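There are 2 protein chains.
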Amino acid sequence: MRIDVYPTIQDLEKEKLSGADCVVIDVLRMTSTAVNALYSGARRIKLAGDERVARELSLSENALLGGERGGVRLPGFAFGNSPLEYTREKVKGRDIVMTTTNGARAAEAAIGAKSVRLCSFINVRAVAESLKASDHIIILCAGTHDKFSLDDCLCAGALCAYLNADEANDLAVGMRLLFEAYKDDIPLVLRQTKHYRYLESIGFTDDLAFSLRINTHSCVPMMDEDGWFS
Amino acid sequence: MRIDVYPTIQDLEKEKLSGADCVVIDVLRMTSTAVNALYSGARRIKLAGDERVARELSLSENALLGGERGGVRLPGFAFGNSPLEYTREKVKGRDIVMTTTNGARAAEAAIGAKSVRLCSFINVRAVAESLKASDHIIILCAGTHDKFSLDDCLCAGALCAYLNADEANDLAVGMRLLFEAYKDDIPLVLRQTKHYRYLESIGFTDDLAFSLRINTHSCVPMMDEDGWFS
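Protein chains in written order, with my numbering: chain A, 3 to 232; chain B, 3 to 232.
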């Protein structure tokens, strides 16, 4: 097994995608939210980088709209990007279209891979278990505004630790070792980063605590041929 | 003090360069070699990304030629890129022009910063001490073929640990924590990386051991107005 971790969409080596299983990570908060929405009973989730596309899709597919810009819920949307909003009573049996600043674009960039999964700290062990037989895994971190984001890369390191591949690129090696050194206190690491502090400053402390717990969820969202995750 | 670490030249935010002190890192092996050549008595070193430019400079400046492509010494050059070749008897009082695959291009990309220093594990504490009064430090890692290279980024983490800045980008935070967790066994980390293994496979085991010792050298190469380091 080989693992390549890419810190942003710009770094992705697109020519390698078709031969690999791709895992998209946007810990704060898109993939944490999507995992929790499906866990809470949502039927399917589609991700769209563009807000207009998301609005059109929600109409044509009779889907609920979720998402944010700058961390804050968009006007007229049923949900923002907080995993805690997606309660069973609100999402059960429903399709959801989400648009977010970074993660939805990463999920779009992953189209063309052999398979596409969504991963966060809350489901990282389940994702690893579903990939045990893969030859080549590409971990695509959403990043924050096209820059390296430590929350996503540290989660990639967690996935690398569980998978224990024979071959890995340098970022995969570094992040696995970082995760192994600090796995008992992920918030200690991430409290030092800008995106964590930004979300804290706009009141999302509960989301941070929720998103940084490890292996609380066992579901593994996988993309189907039409781009829906279930 | 603020620190930004960039893993490759492509990631550098060039518009920030003019207001910052820049540190160029290419642990395996350019900056280790340059530091050791100056420590061994070389008068000045100039770095050129282009081989033809390096050859012309060495003629016009009466300088010795050093450098590599693919890790191996170029034809007609006095030195390759092994720090151990640059002995006192060969370099004392001489100017040296070096061209290397990754590091020399990074040094060229740093031109325009308030100051430019060369750093490796062997002189990292000395570099940190020379920067105590800086407001903004940009650490530019050479990378390997324009990709994240863990040797350079881990050394950037060492520099961040010694500097203990108030503000840092996410890569700086992650690499500082990684260095702090593994600082007593840097080779343990880097033996897992591709570039280390490549250099080992072509016979440079002694260079690896030399380049991964911490704080054996106290000199801090700084670029002058004409692009020479001394």
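A few of these clues could be false.
When chains are identical, the list treats them as one kind, so a pair holds in a single copy or across two.
[Unchecked claim] BS3-like, lysine-lysine: derived pairs with alpha carbons at most 30 angstroms apart:
#: 1; residue 1: K94; residue 2: K196
#: 2; residue 1: K18; residue 2: K134
#: 3; residue 1: K18; residue 2: K116
#: 4; residue 1: K196; residue 2: K116
#: 5; residue 1: K196; residue 2: K134
Note that these hints are calculated values from the structure, not bench results.
No experiment lies behind these values; they were computed from the predicted model shown.
Each hint, compared with the structure:
In this assembly of identical chains, the alpha carbons of K94 and K196 never lie at most 30 angstroms apart, being 34 angstroms within a copy and 47 angstroms across copies at closest. Taking the shortest alpha-carbon separations for K18 and K134, only the intra-copy value of 19 angstroms comes in at or below 30 angstroms, while the best inter-copy value is 43 angstroms. For the homomeric pair K18 and K116, the shortest alpha-carbon distance inside one copy (10 angstroms) is at most 30 angstroms, but the shortest distance between copies (40 angstroms) is not. In this assembly of identical chains, K196 and K116 lie within 30 angstroms of each other by CA distance solely across copies; the values are 26 angstroms between and 34 angstroms within a copy.
Taking the shortest alpha-carbon separations for K196 and K134, only the inter-copy value of 23 angstroms comes in at or below 30 angstroms, while the best intra-copy value is 34 angstroms.
Of the numbered hints stated above, the single one contradicted by the structure is hint 1.
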